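> If you want the building blocks of each chain, they are given just below.
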Amino acid sequence: MLKGILIALSLVLGTTSSAPAQTDSFIVVQSTTSTQNSGLFEYMLPKFTDQTGIEVRVVAVGTGQAIKNAMNGDGDVLFVHAKPAEKKFVAEGYGVARFDVMYNDFVIVGPPSDPAGIKGMTDATDALRKIAEARAPFASRGDDSGTNKAEMRLWKDAGIDPTTFSGEWYRETGSGMGATLNTGTAMGAYIMTDRATWIAFNNKGDYEIMVEGDPQLFNQYGVILVNPERFANVNAKAGQTFIDWLLGEEGQEIIASYKLDGQQLFFPNAK
Amino acid sequence: MQDFASSLDRSIGLIISGDAELWAIVLLSLRVSLSAVVIAAVIGMPLGAALAVARFPGRQVLIVLLNALMGLPPVVVGLLLYLMLSNAGPLGMLQLLYTPTAMILAQVVLVMPIIAALSRQVVETLDREYSEQLRSFGLSRLGSVPTLLWDGRFSLLTAFLAGFGRAIAEVGAVMIVGGNINHVTRVMTTTIALETSKGNLALALALGTILIVLAIAVNAATSLMGGTARRLAHA
Amino acid sequence: MRDLRLPDPRSCIAATPAVRDLPIAVQGLRFESGGKTLLDVPELTIDAAGPTMILGPNGAGKSVLVRLLHGLLEPAAGQITLAGRRPDRAARIRQAMVFQRPVLLRRSVAGNLHYVLRIRGVPRAERRSRVRDLLAHGDLAGKGHQPARSLSGGEEQRLALLRALAASPEILFLDEPTSSLDPAATQRIEALILGAARAGTKVIMVTHDLGQARRLGQEILFLNAGRVEEQTPAARFFPRPASAAARAFVDGQLLV
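Protein chains in written order, with this note's numbering: chain A, 1 to 271; chain B, 1 to 235; chain C, 1 to 256.
Hints in this document: simulated from the structure, not taken from any laboratory. Be aware that one or more of the hints could be misleading.
Claimed, not checked - Covered stretches of chain B (chain A as the covering partner; in silico rule of three or more C-beta atoms under 8 Å from a C-beta of chain A):
id, region
1, 63–76
2, 115–121
Stated by the list, open to error - Covered stretches of chain A (in silico footprint by chain B; criterion: 3 or more residues with CB under 8 Å from a CB of chain B, positions within the stretch not fixed):
id, region
3, 84–97
4, 104–116
5, 177–184
6, 189–203
7, 225–231
Unchecked claim - Simulated restraints on C-beta separations:
id, chain 1, residue 1, chain 2, residue 2, range
8, C, Arg20, B, Ala220, 39 to 49 Å
9, B, Leu224, C, Arg86, 47 to 57 Å
10, A, Gly53, C, Arg128, 52 to 62 Å
11, A, Ser113, B, Ile43, 55 to 65 Å
12, A, Asp114, B, Ala221, 37 to 47 Å
13, A, Pro112, B, Ile43, 27 to 37 Å
14, B, Asn219, C, Ile119, 48 to 58 Å
15, A, Gly159, B, Gln95, 27 to 37 Å
16, A, Gly167, B, Ser6, 49 to 59 Å
Every value quoted in this text rests on a predicted model; they were computed, and no experiment measured them. Ideal placement from N, C-alpha and C gives every residue a C-beta, glycine not left out.
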């Protein structure tokens, strides 16, 4: 009887140990949920692997956590969107150098009832002020991610510290972009999100984009090779190959060609 | 709610279409969780049995502790293991982070206390019946552990299944130490979490349905085998 | 390891071999539980080669005495010696015990016998034939593959007894092994016990049943209220018990 179970087990264990064909060379990229949830990686990475034989393993977490993981040496490449934090990462010697890769923009989405009356505004700081005045519910990532950092900069410009209203109209979900969109739309709150995640998000309900087009909402993505002098395990060669490809003509073209519902999600801007 | 109806359609469609990607994820889930439970059983069952038969000061404290460990939060386990396996951590040189092995380790830590605690109960009950006879055979308390484990094998199946249930349903720990890397460490639960965050609720629910069916299938198969054998042994 | 204790004609012809762990000597033995003294035996020597039957009313301490002698209980005071030596592990495993309610392992009938032979270190090659002999001896030949716990009550106790005899014990303790069996099943158990005794195993058996004590016993140990009231050859005990309590017991006045 027990023998039967063991045989069944060994079958399961045995047949799957040969599961996906794995290349000898791989890199771990610490990145953000927006690049993953938008589908960009699934579109782009197989092309890179085909050309180079290098498998890219993406760990998609918030920018804050991605940077912390990379500071522990858990990854070869950092691909996130929080320029000041990225520069600090390089300055402190964790990364070799930072390069612009692409950008998109943030938008503020909200319910059609628009309780703060911000629809159509192009000044994000003004819009946030109106939300605060109306005490209209606002769902924040609250997770130190790139989006969260950008949102906090805008609140600062507006001269408001929303965290003093935490738990009232200002609600921090402490989760990823997708989870915050799920939560925020369910509670009728305004949410600031990157456009790529919003377009790819499938549970929009009747939500619409309320605020867009403010230069302040510009969202720059950067890429950094984790410093191999600091962490001996870093696969610097393959990591650099990936970065070069990303910044080169081919990678940039592929980024530009990625569309969802006919809309371009990311705009390459490597120099 | 339309999500329910469409997700049912979807899960049936997914199963029928034999989607290769889906099957790889299902098999990885099974491989990780079954390996973890087998390892946890190999450690936890003798440990629980030893705790059932041994008499020493502090035993009661240990039992309470073990029972409490059954409720270990997966996220905490994941975090602790991440700190150990991280390249900045003490076990970084093993290069296990973001591998299925790390996920197996995390689930072993989660499941082992459950199997050990339940085995302790099973063996303690059986020992009440057996202890005089086994002592008459000349076995020491610890020496009787293999006999008690073997003769308690049908009841111990329940401990095994409880451990499997915990492992296959767990998301917090494998997400952190596995990284939910596509084709490498993406399992059923992390896929469900990912699809939920993408707002693909119907697909997430479809995958959840498959996970539940899978759990039921493993339980049914094990119980069936165990039940038949038990009837044959009149245990 | 000695031969199987089966009433095999060959072994019956041979002279009954001396039991190496006799005499069993008890000095100042006391057992307490919950602040009450359940057994108090200042001195006792069991030396008879034939079966010793322990008789006495309920609560007399019969089960406690055999458990102390077998080493299942730790005495509060006193000591037990076997042939002048403190019993060590080797001496303990030259003993076996059959309990009132058989504790059969959750394995096949044959599996229960294999188990004991294995833990007694009988080589694998030898085990199979010995199990076959034992099953035949206990009239369980066709039931080797059956789960032990699917046997009838009488068969279960027969298997427990065969299992106790499997490793040819020097001393066999039995604690009312037939108390819940019908007369036919009892008779078969008694036949097995007698066979073992003839083949040289020292039998020490607790019983309620006077008839059984008469049929099997060479020596009677009569216990009452935690004390050994009488130790007499059976032939003398039944016609004329020495103590008043034993007389009352034999007359059926003390049956509890």
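> All hints, please: hold or fail.
To see whether the hints hold, each was checked on the structure:
1. 63–76: violated (count 0)
2. 115–121: Answer violated; 0 residues pass the 8 Å Cβ test.
3. 84–97: Coverage by chain B is violated here, the residue count being 0 at a Cβ distance below 8 Å.
4. 104–116: violated (count 0)
5. 177–184: This one holds; 5 residues, not fewer than the three required, reach chain B with a Cβ under 8 Å.
6. 189–203: That given contact holds, which follows from 4 residues of the region 189–203 of chain A lying within Cβ reach (below 8 Å) of chain B.
7. 225–231: violated (count 1)
8. C:Arg20 with B:Ala220: 39 to 49 Å: Given about 57 Å between the Cβ atoms, the range is violated.
9. B:Leu224 with C:Arg86: 47 to 57 Å: With Cβ atoms ~53 Å apart, the hint holds.
10. A:Gly53 with C:Arg128: 52 to 62 Å: holds (60 Å)
11. A:Ser113 with B:Ile43: 55 to 65 Å: Hint holds: Cβ distance 57 Å, inside 55 to 65 Å.
12. A:Asp114 with B:Ala221: 37 to 47 Å: Violated - the Cβ-Cβ distance for Asp114 of chain A and Ala221 of chain B, about 55 Å, lies outside 37 to 47 Å.
13. A:Pro112 with B:Ile43: 27 to 37 Å: violated (57 Å)
14. B:Asn219 with C:Ile119: 48 to 58 Å: Since Asn219 of chain B and Ile119 of chain C have Cβ atoms about 35 Å apart, the given range 48 to 58 Å is violated.
15. A:Gly159 with B:Gln95: 27 to 37 Å: Once the Cβ atoms are compared, 48 Å apart, the range 27 to 37 Å for Gln95 of chain B and Gly159 of chain A is violated.
16. A:Gly167 with B:Ser6: 49 to 59 Å: 35 Å Cβ-Cβ, so the 49 to 59 Å window is violated.
In summary, the numbered hints that this structure violates are 1, 2, 3, 4, 7, 8, 12, 13, 14, 15, 16.
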